[in-house]
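*Asks:* Chain A is fixed; fit chain B onto it per the hints.
Going line by line, the protein sequences match chains A and B. Using my numbering, you'd call the opening residue of the first sequence number 5 and step up by one each time. Using my numbering, you'd call the opening residue of the second sequence number 119 and step up by one each time.
Any given hint might turn out to be false.
[To be verified] Taking lysine-lysine pairs in the DSSO-like style, the calculated list, with each CA pair at most 30 angstroms apart, reads:
no., chain 1, residue 1, chain 2, residue 2
1, B, LYS406, B, LYS260
2, A, LYS242, B, LYS174
3, B, LYS174, B, LYS260
4, B, LYS248, A, LYS123
5, A, LYS242, B, LYS155
6, B, LYS155, B, LYS174
7, A, LYS373, B, LYS174
8, A, LYS250, B, LYS155
Think of the hints as simulated: they come from the structure by calculation, not from any bench. Quick caveat: nothing in here was measured; it's all calculated off a predicted structure.
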Amino acid sequence: MPAFGAEAPNQPPGFSAVFLRWAPVPWETNRLVLEVSGIAKDTLAALQSTNWPAANWPALLSVFVEQPGVEPVPMLGEHRIEGALLRFAPAFPLEPGLRYRAVFDAGQLPGADSAVAGKVTSILQVPVRPERATTTVTQVYPSADVLPENLLKFYVHFSAPMSRGDIYEHIRLLNEANLPVELPFLELAEELWSHDMLRLTLFIDPGRIKREVKPLEEIGPALVAGRRFTLAIGSGWKDANGNRMKQAFFKRFTVGPPDRDPPDPRRWGYQAPPIRTREPLAIDLAKPMDSALALRMIHVVDESGRAVPGQPFLTERERIWKFLPQHSWKAGRYALIVETTIEDLAGNNIGKPFEVDVFDGVARRLEQKTVKLPFELK
Amino acid sequence: MKSTQLLSVALGLALLAGAASAANWTSGMTEGKVTLKSAGPITFGPDGILFIADTKSAAIVAIATGDTKGGAAKAVKVDGINSKVAALLGTAADQIILDDLAVNPASHTAYLAVTRGRGAGATPVLVRVKGDGNLEVVSLDKVKHARVELPDAPVDGVQGEGKRQSNPRQESITDIAFLEDRLLIAGLSNEEFSSTLRAIPFPFQKVANGTSVEIYHGAHGRFETRSPIRTFVPFKVGQEAQLLAAYTCTPLVQFPISELKPGAKIKGKTIAELGNRNRPLDMIVYQKGGKDWLLLANNSRGVMKITTDSIENAESITAPVGGGGIKGTKYETIDAWKGVEQLDKLDAGNALVIRRGEGGALNLESLPLP
Numbered sequence: 005m006p007a008f009g010a011e012a013p014n015q016p017p018g019f020s021a022v023f024l025r026w027a028p029v030p031w032e033t034n035r036l037v038l039e040v041s042g043i044a045k046d047t048l049a050a051l052q053s054t055n056w057p058a059a060n061w062p063a064l065l066s067v068f069v070e071q072p073g074v075e076p077v078p079m080l081g082e083h084r085i086e087g088a089l090l091r092f093a094p095a096f097p098l099e100p101g102l103r104y105r106a107v108f109d110a111g112q113l114p115g116a117d118s119a120v121a122g123k124v125t126s127i128l129q130v131p132v133r134p135e136r137a138t139t140t141v142t143q144v145y146p147s148a149d150v151l152p153e154n155l156l157k158f159y160v161h162f163s164a165p166m167s168r169g170d171i172y173e174h175i176r177l178l179n180e181a182n183l184p185v186e187l188p189f190l191e192l193a194e195e196l197w198s199h200d201m202l203r204l205t206l207f208i209d210p211g212r213i214k215r216e217v218k219p220l221e222e223i224g225p226a227l228v229a230g231r232r233f234t235l236a237i238g239s240g241w242k243d244a245n246g247n248r249m250k251q252a253f254f255k256r257f258t259v260g261p262p263d264r265d266p267p268d269p270r271r272w273g274y275q276a277p278p279i280r281t282r283e284p285l286a287i288d289l290a291k292p293m294d295s296a297l298a299l300r301m302i303h304v305v306d307e308s309g310r311a312v313p314g315q316p317f318l319t320e321r322e323r324i325w326k327f328l329p330q331h332s333w334k335a336g337r338y339a340l341i342v343e344t345t346i347e348d349l350a351g352n353n354i355g356k357p358f359e360v361d362v363f364d365g366v367a368r369r370l371e372q373k374t375v376k377l378p379f380e381l382k
Numbered sequence: 119m120k121s122t123q124l125l126s127v128a129l130g131l132a133l134l135a136g137a138a139s140a141a142n143w144t145s146g147m148t149e150g151k152v153t154l155k156s157a158g159p160i161t162f163g164p165d166g167i168l169f170i171a172d173t174k175s176a177a178i179v180a181i182a183t184g185d186t187k188g189g190a191a192k193a194v195k196v197d198g199i200n201s202k203v204a205a206l207l208g209t210a211a212d213q214i215i216l217d218d219l220a221v222n223p224a225s226h227t228a229y230l231a232v233t234r235g236r237g238a239g240a241t242p243v244l245v246r247v248k249g250d251g252n253l254e255v256v257s258l259d260k261v262k263h264a265r266v267e268l269p270d271a272p273v274d275g276v277q278g279e280g281k282r283q284s285n286p287r288q289e290s291i292t293d294i295a296f297l298e299d300r301l302l303i304a305g306l307s308n309e310e311f312s313s314t315l316r317a318i319p320f321p322f323q324k325v326a327n328g329t330s331v332e333i334y335h336g337a338h339g340r341f342e343t344r345s346p347i348r349t350f351v352p353f354k355v356g357q358e359a360q361l362l363a364a365y366t367c368t369p370l371v372q373f374p375i376s377e378l379k380p381g382a383k384i385k386g387k388t389i390a391e392l393g394n395r396n397r398p399l400d401m402i403v404y405q406k407g408g409k410d411w412l413l414l415a416n417n418s419r420g421v422m423k424i425t426t427d428s429i430e431n432a433e434s435i436t437a438p439v440g441g442g443g444i445k446g447t448k449y450e451t452i453d454a455w456k457g458v459e460q461l462d463k464l465d466a467g468n469a470l471v472i473r474r475g476e477g478g479a480l481n482l483e484s485l486p487l488p
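Extracted from the complex, chain A is given alone in its bound form (with noise of 0.2 angstroms):
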């Protein structure tokens, strides 16, 4: 943020050194403080005395964001007494693209006479940001072209921080007519972003998927078996800097039929690495699996039960799960801890589809938290 010139235009008499002036705060970036000079010596060492609760001191020095139609507020912020200086350091940045009006009234220092003294306002237009629409989308999960009618979640992730609130204006699920299908997603108002900010979570209405409630008998499923769709992603949505995205973004797929098996992990097979190399362990998990999760619910534990430590990957759209150890491998005996909550592309998960028959599956329904599939190498 560059420096600012000091203004001064409407001196009131008897003050005429006061100047308002916007100085940079050295030791923070984008932070400025508000400098008032010219007070004279024993007017500010009356001014530290008086020992004002913090409630009076914006009469005297205030800085009001200038928004048209919204009566002036003073923003918060810290006022003190610094050498020959009054300062009033904003409690938040000030922003892009706003213009800041600060306001000395000596008419309410200690001893003014408010009939000569007047007030001194400094505007600050802080200059816009340049754009710079650089952010994309990088992937969107299931990556696979062909996804099933009871499909539950994608994530889409981003190449740098996004924005948070009113997400959903940008998000448009997109039938073969290329009309957008109506309300296919969960909204939540928390959005469900990663910590970092560069992955949302999008669930598809569960009222669009599951059978035999109100909202799918009468506007029907969120996705078709048979049909083409498209995710739609806007580039107006603006990133955590307030610029637009680099270009729009779509993710062409065909529905097929509803999977509603549960992952079977007697059926995974895996192949297994040399020893004293760090190739990776691949397992095939016969189906594509929900992304973020195959990633974290699948653990490699050694004899005694401790986590191996590594990287897990996925190849080959999330039906190829492959874990990168940090070091060489050692004859032994393992096994993969898989979580029984892990998800495939339709929520349905370990033992347990996920529409549960009341009627027929309550009873088999698997209570453990984990299964163990061993694995030996040599």
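*Replies:* Just chain B now, kept in the frame of chain A:
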């Protein structure tokens, strides 16, 4: 055909370890600076204690606001509260998100959990509405507080892994409520499609795992699925504490809090069908004319006033409801309460709401309870 909602409760530690004496709510609190990564939802407990859910830190902070002086509630009307909060924080109204509203029952003062900014560096701020309608920021620099983390459950059969680096999982806290001597917390993960409900004794104890229960609710027919709780309110039916929970997809469900025990399977009841294209936002319980009422704000179907005498002996909804109609417990839509986005009880006779007025402005106002 008659079927009931089936809530199965899995997982868990003891639901409620013996709660500490209720006499001194601030015992165990320390004085100092409270640092929040995010703020909201918020709710009040006894003696002006404010609970703030910090989702980004997976923590709950209890703050002794010291705002305990009683007095009659005053009518409140602050037009364009989003613009006023923006001015106070030195920014534009479009950079302000009003995350939650809570009224301190001790003083009838309104508190707002606010986020300044929309990006990764967004700052949470707690704002109080003074009696004259002016706003002030509640300083968290030196305040008596207690904090409890919501830990990730360990994985059976895996030792020594700890938290994986850059784990993008986050559990959003969708609603919190204080009941007698415990805080109830509903959570929603950004990965697994499930909802957890925790009960944490207050004052917070040193190892406060609380309890995590997974709740499943059924459709009206033979299939049940997991579904996240959107908003809930504890509510006493006779002597029995009940939880009334509104789900992200359609029904309002009731179940007794005492049955939330590890391993138990609870039969809850669907007591009202709220209609499609609709999401519940906020819920309060109040008394009028010697009866308890439930007031539920929704995003597209307005504010519903629901009788609770039929909740006490409500029949579950037995079959899918067709034609966009309603079934189960009777409700009335309060037409005059349009655009309500936040709702809390101001006092026995009034609610405090934030609602969207003309030109998109958000207004804070008190309204007599219907």
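*Asks:* So, for every hint listed, does it hold in this structure?
*Replies:* Checked hints:
1. With a C-alpha separation of about 40 angstroms, the suggested pairing of B/LYS406 with B/LYS260 is violated against the 30 angstroms cut-off.
2. Taking the CA atoms of A/LYS242 and B/LYS174, the gap is near 21 angstroms; set against the 30 angstroms cutoff, the hint holds.
3. For the proposed pair B/LYS174 and B/LYS260, the alpha carbon gap of about 22 angstroms is at most 30 angstroms, so the pair holds.
4. Under the criterion of a C-alpha separation no larger than 30 angstroms, the hint pairing B/LYS248 with A/LYS123 is consistent with the structure, at around 28 angstroms.
5. Restraint check: the Cα-Cα separation between A/LYS242 and B/LYS155 comes to about 21 angstroms, which is no more than 30 angstroms; the hinted pair holds.
6. Proposed proximity of B/LYS155 and B/LYS174 is supported: the alpha carbons are some 6 angstroms apart, at most 30 angstroms.
7. Proximity of A/LYS373 to B/LYS174 is assessed by CA-CA distance (about 26 angstroms); at most 30 angstroms being required, the pair is judged to hold.
8. Restraint check: the Cα-Cα separation between A/LYS250 and B/LYS155 comes to about 29 angstroms, which is no more than 30 angstroms; the hinted pair holds.
Hint 1 from the earlier list is the only one contradicted by this structure; the remaining hints agree with it.
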